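Q: Sequence:
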Amino acid sequence: MSTRNAEPRLPAGSPRRGNLRWAAAAGLVAAGLGVAAGELLAAGVSPSLSPVSGVGSVVIDAVPGPVKDAAIALFGTADKAALLVGMGLVIALAAVGAGLLELRRPPLGAAVLGLFGAAGLAAVLSRQQFSILALLPPVAAGAVAVLVLRALTARIRDLAAARTPEDAAVRRRTVLTSVGGGTAVALLGAALAGIARGGQVGVTALRETVRLPMPVRPAAAVPAGAELAVNGLAPLVTPAADFYRIDTALSVPLVDPDQWRLRITGMVDREVELSYAELLAQPLQESYVTLTCVSNEVGGDLIGNARWLGMPVRDLLARAGVRPGADMVLSTSRDGWSASTPLEALTDDRDALLAVGMNGEPLPLEHGFPVRMVVPGLYGYVSATKWVTELRVTRFADETAYWTDRGWGERGPIKLSSRIDVPGRSPVTAGAVTVAGVAWAQHTGISAVQVRVDDGAWQDAELAPGISADTWRQYRTSVDLAAGEHRIAVRAVDANGVRQAEEKRPVLPDGATGLHTIRVTVR
1 MSTRNAEPRL
11 PAGSPRRGNL
21 RWAAAAGLVA
31 AGLGVAAGEL
41 LAAGVSPSLS
51 PVSGVGSVVI
61 DAVPGPVKDA
71 AIALFGTADK
81 AALLVGMGLV
91 IALAAVGAGL
101 LELRRPPLGA
111 AVLGLFGAAG
121 LAAVLSRQQF
131 SILALLPPVA
141 AGAVAVLVLR
151 ALTARIRDLA
161 AARTPEDAAV
171 RRRTVLTSVG
181 GGTAVALLGA
191 ALAGIARGGQ
201 VGVTALRETV
211 RLPMPVRPAA
221 AVPAGAELAV
231 NGLAPLVTPA
241 ADFYRIDTAL
251 SVPLVDPDQW
261 RLRITGMVDR
271 EVELSYAELL
281 AQPLQESYVT
291 LTCVSNEVGG
301 DLIGNARWLG
311 MPVRDLLARA
321 GVRPGADMVL
331 STSRDGWSAS
341 TPLEALTDDR
351 DALLAVGMNG
361 EPLPLEHGFP
371 VRMVVPGLYG
381 YVSATKWVTE
391 LRVTRFADET
401 AYWTDRGWGE
411 RGPIKLSSRI
421 DVPGRSPVTA
431 GAVTVAGVAW
441 AQHTGISAVQ
451 VRVDDGAWQD
461 AELAPGISAD
471 TWRQYRTSVD
481 LAAGEHRIAV
491 RAVDANGVRQ
501 AEEKRPVLPD
511 GATGLHTIRV
521 TVR
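Residue 338 in the UniProt record's numbering is what sits at position 338 of the sequence shown, and the numbering runs on without skipping anything.
Certain hints may be false.
Here are the computed distance ranges between Cβ atoms for each label pair [as the list claims (entries may be wrong)]:
| # | residue 1 | residue 2 | range |
| --- | --- | --- | --- |
| 1 | M87 | R323 | 41 to 49 Å |
| 2 | E485 | A220 | 23 to 31 Å |
| 3 | D242 | L147 | 44 to 52 Å |
If you're looking for bench data, these hints aren't it; they were derived computationally from the structure.
Here the structure is a predicted model, which is why all the values come from computation and not from measurement.
A virtual CB, placed ideally from N, CA and C, is assigned to each residue, including glycine.
Please put together the full structure from these sequences, using the hints given.
A: In structure tokens:
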């Protein structure tokens with residue numbers, strides 16, 4: 001029997017290379033739709049319930065300290081963006097693998113995506129602010145991803161089973177429509193999730209309605225000449241937009257100031273609860289304070305100086321009545337982060353504040369709106385709690401905080417340090433070269449700054465007047481440099497005559513030491 005005019009058939013059997021590509025795309029679409037569904041639901045219920053943020057927070061908590069330090073050193077304040085990109089790549093790779101598995105060995109691929117949903121669920125269950133509503137976004141994300149993957153791979157298998165070119169073309173269009181439609185829906189869901197995160201828009205709008213009261217005690221006047229006119233030198237007061245942000249919150253906690261409450265608990269005669277309106281009604285004071293992150297490497301920029309408005313913490317603790325034997329205050333953030341601050345640093349004469357304002361404006365959301373802690377002289381990891389909700393008076397022997405649980409020092413006093421800002425990395429012209437920068441020893445003060453070229457003698461720099469012992473000070477000097485390569489180092493001397501430590505030590509466990517030294521090319 002002749003087969004010359006018989007209808008051509010496609011071979012049946014194992015998936016073709018093209019079908020594998022469709023399966024990989026199906027995995028990506030399924031994962032994208034799952035993430036979009038979870039984020040959209042979280043945005044509608046509460047942005048703080050985001051499965052992505054939840055998993056990211058668990059990753060941040062679980063990563064060893066040295067890895068975090070390396071990430072901060074590499075990415076700086078973009079560390080959270082880098083984490084999100086990394087998470088996205090991991091999800092994408094897993095999604096591709098899930099699609100291929102589901103095509104070849106169902107339902108293994110669906111199980112892989114289900115595990116990602118389970119990871120989001122576990123992250124939610126580990127949160128301090130767990131609620132039943134918090135279960136919905138990760139469950140929805142996992143369910144949508146699994147169902148979509150199953151549906152898409154079923155269509156791809158149909159394509160593989162096509163017997164004729166015409167049948168294959170029809171089924172290919174079906175797969176293309178399904179994958180393309182899924183991609184469009186995923187993108188739309190992501191866009192809607194972004195729009196629905198009106199929580200941030202809403203809190204931003206509430207922030208804009210806040211009218212800060214005039215301080216009973218204004219900040220000290222900035223002395224004439226405190227800011228040196230040197231191009232490239234860090235400004236004396238850091239704009240809020242440029243102020244460093246280092247914290248463990250992958251997404252900024254959104255706190256309605258009308259709902260905010262601060263509780264004073266623990267070893268006190270009486271527990272105190274304070275609303276935002278009540279806090280604004282207290283006698284407030286302004287202070288310039290330079291804050292520093294313990295992760296700041298020698299010569300680093302994780303430091304900033306601002307004018308803070310707030311209530312002295314000692315006044316609030318006095319209202320609660322601190323019991324004998326207490327030596328620490330454990331402050332807790334809205335997101336569960338905690339800091340252990342020596343009680344003496346909150347009750348002595350320093351300007352430790354429950355801050356509500358920064359540089360004349362309500363706190364920015366990312367810097368702790370509506371209320372944060374500001375404590376001169378201590379690294380942020382033991383003092384600068386943002387979005388603060390509780391101050392628990394206790395003892396170091398009885399309780400620990402987030403970073404002290406991870407091997408960091410207990411008390412965290414800021415180390416005497418200095419930095420060269422000018423000259424920068426560009427080559428300079430031979431002759432007189434300006435060297436300028438900042439030096440800090442919060443709550444002690446700076447008395448001198450010295451600069452050295454290569455192995456020469458130390459020479460005193462011009463030290464600008466300081467606002468207070470709690471702020472950094474600018475300095476400048478001029479050095480003669482011949483053509484070639486040179487090293488310039490800086491060191492500071494504090495108000496007690498103590499010189500900056502020259503021994504180079506890492507940031508772990510309680511802050512880096514060493515002299516900032518730069519290499520300069522002179523032409």
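Q: Hint by hint, say whether it matches the structure.
A: Comparing the hints with the structure gives:
Separated by about 45 Å at the C-beta atoms, M87 and R323 satisfy the suggested range of 41 to 49 Å. A beta carbon spacing of about 43 Å between E485 and A220 contradicts the range 23 to 31 Å that was offered as a hint. About 46 Å separates the C-beta atoms of D242 and L147, a value consistent with the hinted range of 44 to 52 Å.
Consistency note: the structure conflicts with earlier hint 2 alone.
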